[in-house]
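Visitor: What follows is the residue order along each chain.
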Amino acid sequence: MIDCDDRIRLDAYHDGELSPAERSDLEAHLRDCPSCAAELAAIRGMSGAFADATPREPSHEQLLELAASVRAEPSEARILLRLFRVTAVAAAVLLSSALAAAAYLSHRTEAAAHEAMVLDHVATGSQSLVLATDRAQWIADDLRGAQEER
Amino acid sequence: MKEEELLEQARRGENAARTELVMRHGRRLFRLAAALLGGGDADVNDVVQETFLAAFDGGLKAFKGDASLSTWLSGITINRVRKLRRYRLSRPAGPLDGVGRQPDGDQASRNPATQVEQRMDVATMLDSLPPEYREVIVLREWQQMSYAEMASALGVPERTAETRLTRARRMLRQRFGGVVGGRQ
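Sequence order for the protein chains is A and B. According to the numbering used here, the stretch in the first sequence is residues 1 to 150, in order. According to the numbering used here, the stretch in the second sequence is residues 1 to 184, in order.
Just chain B, with the same shape it has in the complex:
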């Protein structure tokens, strides 16, 4: 079934359509939220849940098909993460876990030590970036979005998305070039 039809059904409250959309997009949005937040499961789950609820409870009216549903949902997730980050900043500082610091069963079992070590390196790198640079790195490197999709999800011009990505990568190379620079 086409995604637009599923959306319409989900908006009308048909739970089969809602479940189908969650199963199609939930995994990717979960990864996105985890990478952007670097937070615990509760925060990640909350953000993804809020994303779908916002989409199903009225936000779907705002979906005009200019971007793919996937990109549109990513944009909602990004906005929810920003909101949560602002909320965290307004409160006394608490520890922010790095992204993926808890090893996932399947992937860790392939090469547990290397996987965890690499994730911690990447988590450290991401934590060192300002939020807007972290966003473009995550969208490009882990969500494999094109520049146009990044721009749409972030609500910025395409050139801005590209510039942010270039600066973010440059910043990472300057700070961690010795760690990952040897790879070709």
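Just chain A, same shape as in the assembly:
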């Protein structure tokens, strides 16, 4: 036996949403419960009022106008649009590549400058070493010459 607290399922019964078992239980309850039976009749009455007053229909012309209003743009325009999109993507790729190359070259230039500076330092150092060696050689030669004069 279903308690009347379950009346909420009267709508589901009316709408054919109950399982066969639920339906059977509820029908048994309806036989013994005039209150639920009356409420079910009221639900049916309300549904009937809506069934008798369906909303107005669009005319065939309205549907055709609707179909025309949601048509895609002409094929030529679509081709142009696609071409524009492809061009835009290609331009973006080229621009990105150019920026990356510029950044790389800039880095390389800085590295090269740094390398040149280091080489310059090394060259200067080597030159000093040569001069020092030459000077030592001259001193040694002078000393050797002085000894020979003696």
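No lab work stands behind these hints, which were simulated from the structure alone. Only a predicted model underlies this, so the values are computations on that prediction, with no experimental measurement involved. The beta-carbon is built from N, C-alpha and C at its ideal position, and this holds for glycine as well. There may be inaccurate statements among the hints.
Each pair of labels, with its calculated beta carbon distance range [as the list claims (entries may be wrong)]:
{"id": "1", "chain 1": "A", "residue 1": "32", "chain 2": "B", "residue 2": "158", "range": "24 to 34 Å"}
{"id": "2", "chain 1": "B", "residue 1": "132", "chain 2": "A", "residue 2": "102", "range": "55 to 65 Å"}
{"id": "3", "chain 1": "B", "residue 1": "124", "chain 2": "A", "residue 2": "92", "range": "51 to 61 Å"}
{"id": "4", "chain 1": "B", "residue 1": "124", "chain 2": "A", "residue 2": "59", "range": "19 to 29 Å"}
{"id": "5", "chain 1": "B", "residue 1": "159", "chain 2": "A", "residue 2": "64", "range": "38 to 48 Å"}
{"id": "6", "chain 1": "A", "residue 1": "21", "chain 2": "B", "residue 2": "158", "range": "14 to 24 Å"}
{"id": "7", "chain 1": "B", "residue 1": "13", "chain 2": "A", "residue 2": "112", "range": "50 to 60 Å"}
{"id": "8", "chain 1": "A", "residue 1": "16", "chain 2": "B", "residue 2": "85", "range": "23 to 33 Å"}
{"id": "9", "chain 1": "B", "residue 1": "87", "chain 2": "A", "residue 2": "38", "range": "26 to 36 Å"}
{"id": "10", "chain 1": "B", "residue 1": "131", "chain 2": "A", "residue 2": "44", "range": "17 to 27 Å"}
{"id": "11", "chain 1": "B", "residue 1": "144", "chain 2": "A", "residue 2": "94", "range": "39 to 49 Å"}
{"id": "12", "chain 1": "A", "residue 1": "86", "chain 2": "B", "residue 2": "128", "range": "54 to 64 Å"}
{"id": "13", "chain 1": "A", "residue 1": "60", "chain 2": "B", "residue 2": "1", "range": "15 to 25 Å"}
Fit chain B to the known structure of chain A by using the hints.
Guide: Then chain B, alone, in the frame of chain A:
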């Protein structure tokens, strides 16, 4: 042709596929938007148009097949309606027409007086509901969605959709029970 294939073609910009999808789903989405908005033709047309454009211009990538295409499109429409409603609320109040207050030719011709009268009753009832309750009533009563489909379209758990529907119907019975309560 399967709807997934149509979707893919529509996403690629094939207009025949777009037209086919509009002809398949436009009528239902138009009714949904009209019922949710209760607004004039311009708003309804705008919402449905935005729904398809969102779907064709990128939203299709979000379609994973968890729900049917129909349910998925309904979800987009619901979101567009919510957005429009927020926009309306942010502006000075204007009149909101009731759903279906302008009689449709074919249906009105069957029984014009009764049709218009019933629509006005229903429009009044819907206008009395908070938006989230209006949504579930429309989805269930007019779009015939299951609870699972409602949950998917609304982006809520199934139990939440059911609870909202129960509360919405209860609210309508309390307010308008005398008008429609006699029907069996």
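Visitor: Could you run down the list of hints and mark each one as holding or not?
Guide: Hints, one by one, checked against the model:
1. A:32 - B:158: 24 to 34 Å: Roughly 29 Å apart at Cβ, these two residues keep to the hinted range, so it holds.
2. B:132 - A:102: 55 to 65 Å: Taking Cβ atoms as reference, residue 132 of chain B and residue 102 of chain A lie about 59 Å apart, which means the hint holds.
3. B:124 - A:92: 51 to 61 Å: holds, 58 Å
4. B:124 - A:59: 19 to 29 Å: holds, 25 Å
5. B:159 - A:64: 38 to 48 Å: holds, 41 Å
6. A:21 - B:158: 14 to 24 Å: Holds, since residue 21 of chain A and residue 158 of chain B (Cβ atoms, about 18 Å apart) stay within the stated range.
7. B:13 - A:112: 50 to 60 Å: Holds - the Cβ-Cβ distance for residue 13 of chain B and residue 112 of chain A, about 54 Å, lies within 50 to 60 Å.
8. A:16 - B:85: 23 to 33 Å: Given about 30 Å between the Cβ atoms, the range holds.
9. B:87 - A:38: 26 to 36 Å: violated, 42 Å
10. B:131 - A:44: 17 to 27 Å: holds, 25 Å
11. B:144 - A:94: 39 to 49 Å: Hint violated: Cβ distance 57 Å, outside 39 to 49 Å.
12. A:86 - B:128: 54 to 64 Å: Given range 54 to 64 Å: holds, Cβ gap about 56 Å.
13. A:60 - B:1: 15 to 25 Å: holds, 22 Å
Violated hints, listed in ascending order, are 9, 11; each of the other numbered hints is respected by the structure.
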